[in-house]
Structure formats: C-alpha cells, structure tokens
Amino acid sequence: MPLLAYIDPGSGSMLVQVVIAGILAVPFFFRRTIGDGWRRIRGNGHKDPTADEDASAKP
Amino acid sequence: MATKTPPPTRTPPLSLDGAEVDPASFRDPAGFVFRRDGVLYRQIQPPAAADWATFLSSGLHERLVADRLIVEHADVSPAEAALPDAVAVIRPRVLELISYPYEWSFTQLQEAALLTLDLQSRALDAGMRLRDASAYNVQFESGYPIFIDSLSFEVAPDTEPWPAYRQFCEHFLAPLALMALRDVRCGLLLRDFIDGIPLDLAAGLLPWKSRFNLGLSAHIHLHARAQRRAAGETRPTAKGGRTGRISATGQRALLDSLRRTVSGLRVEPAGHWADYASTTSYSDAATASKGEIVRSMLVLARGRTVWDLGANTGVYSALATQTGYRVVAFDQDASSVEAHWRHVRGVRNPAILPLVMDLVNPSPSMGWALRERRSFLDRGEPDVLMALALVHHLAIGNNVPLDQVAELLARIAPRAIVEFVPKEDPMAQRLLAARPDIFERYTIDGFRDAFGPLFRLVRESPIADSPRTLFLFDRRESAVRS
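Residue numbers (my numbering), protein chains in the order written: chain A, 2 to 60; chain B, 31 to 512.
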C-alpha cells in the first residue's frame, strides 16, 4: 500500500476484488479480443457502442 | 470557537493567520483546501509531491480539463501557502453551488458514478489511479458532473487491487441499487451514512431478485459477505494489506463490470408530484397570467441567480432561465427532481440544477464536528428566491405559522417572489379536505402581516382568473442576521 492510502480499503474488499476481477477477466478478455476481431473483419471501425456512452454526452 | 492546543499531527488547524482551512478537508495528508480573503486555494503537501508531478507531467490533468471532467485551476505562488513545506499551491475555479449526494436524484448520482469510473479508467491509462472514490468529489455544474478533487490521483502499478473499490461500492453502487430496486427515497440514506451505505445493510435491504443481477451479486452481496468474513478473522491485517495481485486485464474487467452494473440500473419517475403539473387547477388564462407576472417580477428583481423552492418539475425554473437567471431548483420529491433533471438534460438547459431538498427538514450541518457538510442555509445566497405554490404546503400541510415561513425565506435570499394561495383555492381545499381547519390566521391579510416586519413589499399582483396573488418582496436590512 502506498503511503497515502488514507481511506480504509477494507481487507475483505481487497480480497473479494481480486477474486471478482480474476473471474471477470476471462469473459472480458474474450469479449474484447473477439469484439476487436469482429470489428476488424467488418472493417468499418465501429467502436463498442457502450464504451463512449457518457463521453459522447459531453458538450 | 474556543482555541485549544493544536493537535500534534500533519492536520492543519482550522484557522491559520488569515487562512481558513475548509472543515471538510482534514482527512487527507496529501493536501488541504483553505480560503484567504474569500479566495479558495488548495495546498499540496510533501507526501503527494511525486503524484502531483506525475499528474501534471503525464498530461492526464490537461486531458481531463480539456474534456471538462475535472475543475481547472490556476497555479499561484507557493508564498500563498497556509502552512510551510507546500509542494504547490493552486487556486481551483470556484463553483457556484456545492451540493451533496443526498441531494441528487438517481440519474445525477448515476452520472457522478460513471464520471468516477471514467476518471479511474483514464488514470489507469496514465499509470495512475484514483486514491478515493468519494461521491463528495463530484459536483454538478452547467448540466454535467465535474470532479473537484485534483489531488485524488496517485501513481500505482495496475496490478494492485483498487483501494477505493469499497468506497465506490458504498458511495455509489449501493445507494443506486437501493434507489432502483427498492425505493428511490433510499437516496436519503446517504444523509445518515455520510461515508456511503454499509454493504451489509444494502445487501439486507435489497430485494432478493437483486441476486440475479450479476454485478450486484458480486459487488454488493458477495462483497458484503467477504467483509463479514474478514471482520470475523482474528488477525485481520496480519498480512499487512497484501491481498494478492490483479492482472491489468482484471483491473479493466472490474471497471467494466462496475460501469455496466451502474448503467444497467434504472428508475422511472412516477409519483404524486411528478404528475402534479398536469393536475393543477389552473385555467389557461391563470397559467398565462402567472407566467407573465413571475417573468416581470424576475426582471424587476434584477438578479443573476435564483433558487426555485418547491420547483416541482421546473416550469418556472425554465421561465427564469429565459430572463437570464441561473437556477437551482429544489424540490422535496425525488421523483420530481429526477423528472426535472431528465428534462433539463433533454432540452440541454445548463442553467438549471435540480436538487432534492425538503424545506420542512432541509439538509443539516453534519459530519465531523458538524462542520464537514454544510447545511442548506450555509451554501451561499442566491440573488432571488421563488416560492410559488409553496407557502400553503408549509402553512397548511405542515402547520408552520406564516411568520415562521417568512423568517425562513428571509434567511435564504434578499429578494423573494412568493405566491399566496388562499383557502378557497381548490389546491388549498385539497389540503384541508381531510383535516379540521385550524388555520384562522391563514388569510391574505395574515400573510401580509407575517411578511411585513421582514420584507418590504415591492409589488403585489393578483393572478387573473384565480384567487391567488403573487408578491415581490425586498428583505429589510433589519431582517439580516449577523
């Protein structure tokens, strides 16, 4: 932990986060690589429509 | 406040010569916020030197400012520092109004959550991360959420678990889930749980079906169980906080999951008040007349900012923006505020900020030493207030004597546009229908008598085709409390 960790991360929260991230990483990885591959095949450079949801709402 | 010996820590005292440290700015050793001669400064302290340098040199800060995700600041001379050893002193741009998460509608809290995740994602891109995920680091300005804590970024390897994960779940995910799946009024729990809703409480309050939501079952239910287990361990931090590693992909997957879970939650604003505008008793002539009078009074009041108290879904807030005002639109009903915020976003009217506020029990001063979060009356003063179709709710609906209504309004703004709804009005009749009429003094003369000592009457205009009357008042000098 760095010196400035002034909030309590909670040991249970840190542990469960490692577990959840580990599980989520698998489908996330495939979704990303398959998604990227699919976009490359279609070749129209469409981005993941959910990725920029809030960025596109910015002025 | 009595002066005591200063605490022997890095915590700055509340008042240094000429500089007043913000009472909410004491937890973080990285720096603090203070005011001198009315100007707001942020001082960066030595423990944060490297992080601050990276935040600037990596270009992250510049990108965030360019995308209007974080409030910009001016660099000032370190000589302005309130304490010695300052790494830097900056002058952040000051926002018009500070609001708190328990005053936001569901969508506002959701947008603040998505902004926080977006910042964490961009920080990871730059080899940094958010040190905290406090909802109090987000404010609303010109129709969008904006991050106000430029000291929240730290350098960290992306294989470490995110220390702010728990805070994110407690400040954002838990209240959002409760609002969406249990009741939108659960947002007010944030008023009691100032550091976020404990996950065991959220897990207990959420309906059983929330377990079928993959994100909620992981980030709330499983998370709460893990916390309970960890709390039961006899040697809780024996491992020195070393809790294993996370892959860079896992880091992104976690953020992605949080983002999907947050965006997947929805509420539909449906309630008594959200439908109120369409069920009022006004004739078209009365509505037109009221609009015309309010408009002329706003022009006559010659202000720049107005607080619309009991704004409902914001018909008169919109009218105020047409005459050049910036509006904060308060309403006690979370559904109305939700509907109002969506409307404001839909028509892109950045001059209105709708907030949840119950005037009968407005946001108090609270938190540490009752100074951390400011009360509704301690958030600055608008030029004008509007109290349209409000007074009868306070006086008849809540038994508040008219002179006390006047007293509260006099504490809010120097000018007031107030509508008086007499007992014979159908909406007042509705309030009186189920209860004995104990309001002998609730007459237009009683109203004038109650406001007279505190306000000077500028204009009194009866609304055409209606028993109601609009008043424009100027607060008397003698009514201002020191």
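Check before you lean on any hint, since a few could be wrong.
[To be verified] Computed Cβ-Cβ distance ranges for the label pairs, DEER-style:
1) 213(B) to 24(A): 41 to 47 Å
2) 30(A) to 354(B): 37 to 43 Å
3) 24(A) to 121(B): 42 to 48 Å
4) 67(B) to 35(A): 54 to 60 Å
5) 35(A) to 277(B): 17 to 23 Å
6) 24(A) to 354(B): 52 to 58 Å
7) 30(A) to 274(B): 50 to 56 Å
8) 263(B) to 24(A): 37 to 43 Å
9) 321(B) to 35(A): 55 to 61 Å
None of these hints come from the bench; they were simulated from the model. For every residue, glycine included, the Cβ atom is placed at its ideal position computed from N, Cα and C.
Right, here's what the structure says about each hint:
As the Cβ distance of residue 213(B) to residue 24(A) is approximately 31 Å, the hint placing it in 41 to 47 Å is violated. Judged by the Cβ atoms, the range 37 to 43 Å given for residue 30(A) and residue 354(B) is violated: they are separated by roughly 53 Å. In this structure the supplied range 42 to 48 Å holds for residue 24(A) paired with residue 121(B), their Cβ-Cβ distance being about 45 Å. Under the hint 54 to 60 Å, the C-beta atoms of residue 67(B) and residue 35(A), about 59 Å apart, fit the expected range.
Look at residue 35(A) against residue 277(B): about 18 Å separates their beta carbons, and that is inside 17 to 23 Å. A hinted range of 52 to 58 Å for the beta carbons of residue 24(A) and residue 354(B) is consistent with their spacing of about 54 Å. Between residue 30(A) and residue 274(B), the C-beta spacing of about 19 Å breaks the proposed range 50 to 56 Å. Distance hint check: the CB atoms of residue 263(B) and residue 24(A) are about 22 Å apart, inconsistent with the given range 37 to 43 Å.
Distance hint check: the CB atoms of residue 321(B) and residue 35(A) are about 56 Å apart, consistent with the given range 55 to 61 Å.
Figure legend: structure checked against the earlier numbered hints; hints not met, in rising order: 1, 2, 7 and 8.
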